[in-house]
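**Student:** Listed here are the chains, written in short residue letters.
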Amino acid sequence: MFNRKHIALAFAATTLAAANLFGQVVEKRDTLETSYVTAVKEKMRNTTQTGLTRLEGDKLRSGVAVFGTPDIIKSLQMLPGVAAGNELMSGLYVHGGDGNDNLFLLDGVPLYNIAHFGGFFSSFNTDVVDNLDFYKSGFPARYGGRLSSVVDVETSEGNMNEYHGNVSLGLIDGRIQVEGPIIKDRTSFNAGLRRSWMDVVTAPAIAYANWKNGGSPKVDGGYAMWDLNTRVTHKFSPSSKLNANFYWGSDDLHAGINEDSDLVLKMNTRTTWGSLAASVNWEYKYAPKLSGKLLGYYSRSGSDVGYTFDVGTRSDDGSVASLYMDDDNICAVRDGGFKYDFDWYPNSFNHMRFGAAMAYHHYNTSRKYEQRNGLMPSLEGEDGTPETNTGGDGKAYDAFEPALYAENEFFIAYNFTLNAGLRLSMFSSGGKTWVNPEPRAAIKWMITKDLCSKLSYTRMSQYAHLVSAMYIELPTNSWMPSTPSAPPMVSDQIAGGLYFTPEHFRFNVEGWYKTMDGMLSYNGANAFYPPLVNWETSFTSGKGESYGLEVEAGYESPKLELTAYYTLCWSWRQFEAYYPFPFPDHNDNRHKVNLVGTWKPSRNWSLYFNWNYHSGNRITLPSHVIYFHESHSNMLFQAPYNTKLPDYHRLDIGADYRIFLPDRKQLAFNLSIYNVYNHMNASFAMLDTDSDGNYIGMAYGLVPIIPTLSASFKF
Amino acid sequence: MKVLKIGVLLAFAAALSSCEIPFALDDVSEPVIYVQYIPAGGSDAPGMRIAYADPAFGKDDGKRYSLSAGDVLISVNGKAMPLDDSQIESDGNMFTLRPGCRFAPGDKVRVEVKGHGVKDIHAETTVPQMPEIASVGLEKVQRDSSEATRVLMTLPSAVSDRDYYGLKTAIRTTAVSMTVPKMPPMPQFGPTAAFPLPVQLDTTVSVIYTSAGQIATTADINNLDLDGFASISFENGFISSGLFRGEPMMLLSSRRFDGAEYSFYVNSLDSFSWSDIDFDFDEPVLPDEPVEPVEPVDPVDPEEPEEPEEPEMPDPKILISSKQEIRLELYRLSDELYNYCKAQYLVSFNMLSNFGVTPPNFTYSNIVGGIGIVGAMSVTTSDWQTLSEFEMSAQDIMEILFPKTPGGH
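Protein sequences appear in the order of chains U and S.
Using this note's numbering, you'd call the opening residue of the first sequence number 1 and step up by one each time.
Using this note's numbering, you'd call the opening residue of the second sequence number 716 and step up by one each time.
Incorrect hints may appear among the rest.
[Stated by the list, open to error] Okay, derived cross-link-like pairs now, SDA-like style, lysine to any residue, Cα gap no bigger than 20 Å in a straight line:
#, chain 1, residue 1, chain 2, residue 2
1, U, Lys432, S, Lys834
2, U, Lys432, S, Asp876
3, U, Lys241, U, Asn159
4, U, Lys543, S, Arg877
5, S, Lys834, U, Pro582
6, S, Lys834, U, Tyr627
7, S, Lys829, S, Pro746
8, U, Lys543, S, Asp876
9, U, Lys266, U, Gly215
Just so you know, the hints here were simulated from the structure itself, not pulled from any lab data.
Please read these numbers as outputs of a predicted model, since none were measured by experiment.
Model the full assembly from the supplied sequences, consistent with the hints where possible.
**Tutor:** Below, the structure written as structure tokens:
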């Protein structure tokens, strides 16, 4: 048995191991410069957290680019445990989540609208992204507010010494990024601008059409999206640094037709949506082992959707009698808040993080309309002019969301590391306050130098609800806070796995079990505009359950990277109003396989491929028929999501060719082909009959092969 | 260049042709038992519909099933109800069982049906408490430049989120009309003289069920909350599916109430149609006139085309009084019955249901092992209240009966 000598040796060994484990981190945190990032990378290797993936900016900018634009969300969709939902959209359904339960942080600021062009592109410009951390489970206590995932995006600081930049032109957009010093070695900037140029192409065509028809009717229309990221960094001293970040992204879609003859027609639709985020953070090293980060921010997300319709006739005396309708729908969320985070290494065994956050939310959604019917004399008022109906409704809430958290990662013994924490989240809105303690715990056992095992438990709360009648990203979707009728959502998740990382290889197996309570689902007649005034009761409450297994196998060398991901997943829902028993979720993709590869045969060439496969999404079709009166029949639905669409698969390939120019300049071309073998994957389906009169499912594919070419110039 | 163009066109055509992806649905479902049973408190005994539901995606195998009373067990608060085969009617593959029973609020009803080759099914429900109507108020208002009646129903207390109601609105029209047969001219009494005798008075009573939805003006379209019009057809104890609306029952959750109040408009358009004298209801007419048996018509000789007869104009019918009354039938629905009714409504009106882009809120069944609904309700009705009245004055009646002739008496 053990004697004192053994215990002393064991203590010495664990102390040495702990010192080795944290030594690198402590050492590299002595400065706040680029070594900080290196330190975080080192820490990631040693992290106790499950379900964490870090993607570096360089990786995000390379590879297959749909429409010639690299996209963060589409990169995340390839990871195991993530369902993409509808093809080409920015859906992110993590571990059976609902897609609206992901916390997107851009430089620490929560964003609500993360997509352009109805979901085709994410709002994150990869030119300015330094890295992102993606958590699917094992959430550290410093994160909270969403159930299913955290996407923590950090933009790059500008170069303190030299000016550099990048100009890119893709199939539908162009990008420019510039960085450099403002005051050498003290202040720098990094700015990225992205704008689509489809409207530039369509404008001459519209002008030609108007010229051809003599200006009546006059048509108008166009779509443009753009976003701007800036980051200004100022170093007061080696231990004090300030960052000011600004993001502004917007989409504008408008169309109209105007005619002014005997027929008077004015019809215009307008849709704008986007987000704005501004933040200032100050990083300060109070002591060699204590640093802090203070963040203050303001953000605004919203949309404005409306139309004007005025149609009438001109009488001989020139007067016009018309039917006039104007409608305007505004959805907005404004956030303001601060976070104060501390990092403290009291000794070699402990790494503590603690902090506080306070957020103020203002939710405001409103609709207004105006109607005037001059075509029906019966609707004229006493003075002979048409009566005008105006009105509207809306909902506005103010909410406060304070939070306190503390977590400690400490080395126990025998290569066991424990990260234990607690987040105390609170939410106050409409006179009601919720307090939710959210315990977080993760334990890691380093079995050998290359093999470790991890286990984590997390509880997350979510106080914001997406009011949407559909699964697609619409500008009419709006965010609302938790209310007594729509209480907060809560998830509990256990995850664990084995991680084997010999040189050049990695084999990870991770499983999870997750429950979600208080989920909301729209329970009304489908409409692009879900009801506002009584939005809480237009949703039904239910719960979800998800479990599965993720397998990752990879090989990495300087010239070749190959990764295979496999996910086995079950995702269930139980909404009593739909069905009293559990039923599969819309994105219950039982199997998912992703094969990703990069080959760099030379300095100039990089070749990429990724192959995606997953079991089909689920839809609801009538399941039974009753025959009566001998000739009549009635179709019946038994359970939701009873039908699986055909399985999804596609292959994308891409190639980069770089021309290296003097002064570290670089010209690069990217050819990407989405869906190389043109497999039309099912986007939706309906009932149909075959030639024999038998019922069959008929799915419709919308996305064919898409080749794109883009070019960029780095300077 | 031409080859290139053709190639591009062919590629484009190939891409488009593959947009449709047929797929088999064989494993979506298996044969199950369908049940619709809605025990009602405070109402007549309902029937139960039982059918064998075939998979939608297989061909009808032509099998027709038989059902006996021994296959069905209905228990109320754990006590089995006596059933016998005389209570079963069959209609093709659909059976209607009339157990003949009254239910009280709080009764726990359980239904079991033996499958005979398919899964046995069971389902449970609880008869909800009786609803109460504290008052019904009527108010004439102007909507869209025309007159409408606003009906305000007040319950004794505010409706909670877990309360579900159904509302049927009955409009009873009682009309008295006078039929004045045309008499042949009687020149001996003067060139235009005629005697309006004999006069016949008919009383027609009709009851129609109208929508109790909240829309009343075109301006409401802008903020159309489609749930404000959620209704199903509930008639004789059964819910009809599909677009047919026999007797509409509005579905009311707490969302439709303002505290304890629910209001809706009976549109002036409807009022106009009721007051039109040229009505033709298939409802009982009092007193009932005996209908003469129709003589069989001799086959017409095709060789001899029949002389077209001059159409005989019916005797003029003159409305001399009418009265419209309204009565509310308020149903408190069990949770599962409300969910089922809502799904029945949504399946008809969710245009995007099958696209896979919306929640699956158009399907509901609480039958374990089968399909359909066992849900309960309780019903109360208000008194008849007068919406509008019209009565012709005695002087006007006399003028019709004894029209003044030019230069006459």
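**Student:** Confirm or reject each hint.
**Tutor:** So, going through the hints one by one against the coordinates:
1. As the CA atoms of Lys432 of chain U and Lys834 of chain S are separated by approximately 48 Å, the hinted pair breaks the 20 Å bound.
2. The straight-line distance between the Cα atoms of Lys432 of chain U and Asp876 of chain S is roughly 17 Å, inside the 20 Å bound, and the hint therefore holds.
3. Distance restraint check for Lys241 of chain U and Asn159 of chain U: the Cα-Cα separation of roughly 14 Å lies within the 20 Å cut-off, and the hinted pair is therefore satisfied.
4. At roughly 18 Å between alpha-carbon atoms, Lys543 of chain U and Arg877 of chain S fall within 20 Å of each other, so this suggested pair holds.
5. The suggested pairing of Lys834 of chain S with Pro582 of chain U holds, with an alpha-carbon distance near 19 Å, which does not exceed 20 Å.
6. A C-alpha spacing of about 19 Å is found between Lys834 of chain S and Tyr627 of chain U, which places the hinted pair at or below 20 Å, so the restraint holds.
7. With a C-alpha separation of about 13 Å, the suggested pair Lys829 of chain S and Pro746 of chain S falls inside the 20 Å cut-off, and the hint holds.
8. The straight-line distance between the Cα atoms of Lys543 of chain U and Asp876 of chain S is roughly 18 Å, inside the 20 Å bound, and the hint therefore holds.
9. Using a Cα cut-off of 20 Å, the hinted pair Lys266 of chain U and Gly215 of chain U holds, with the two alpha carbons roughly 13 Å apart.
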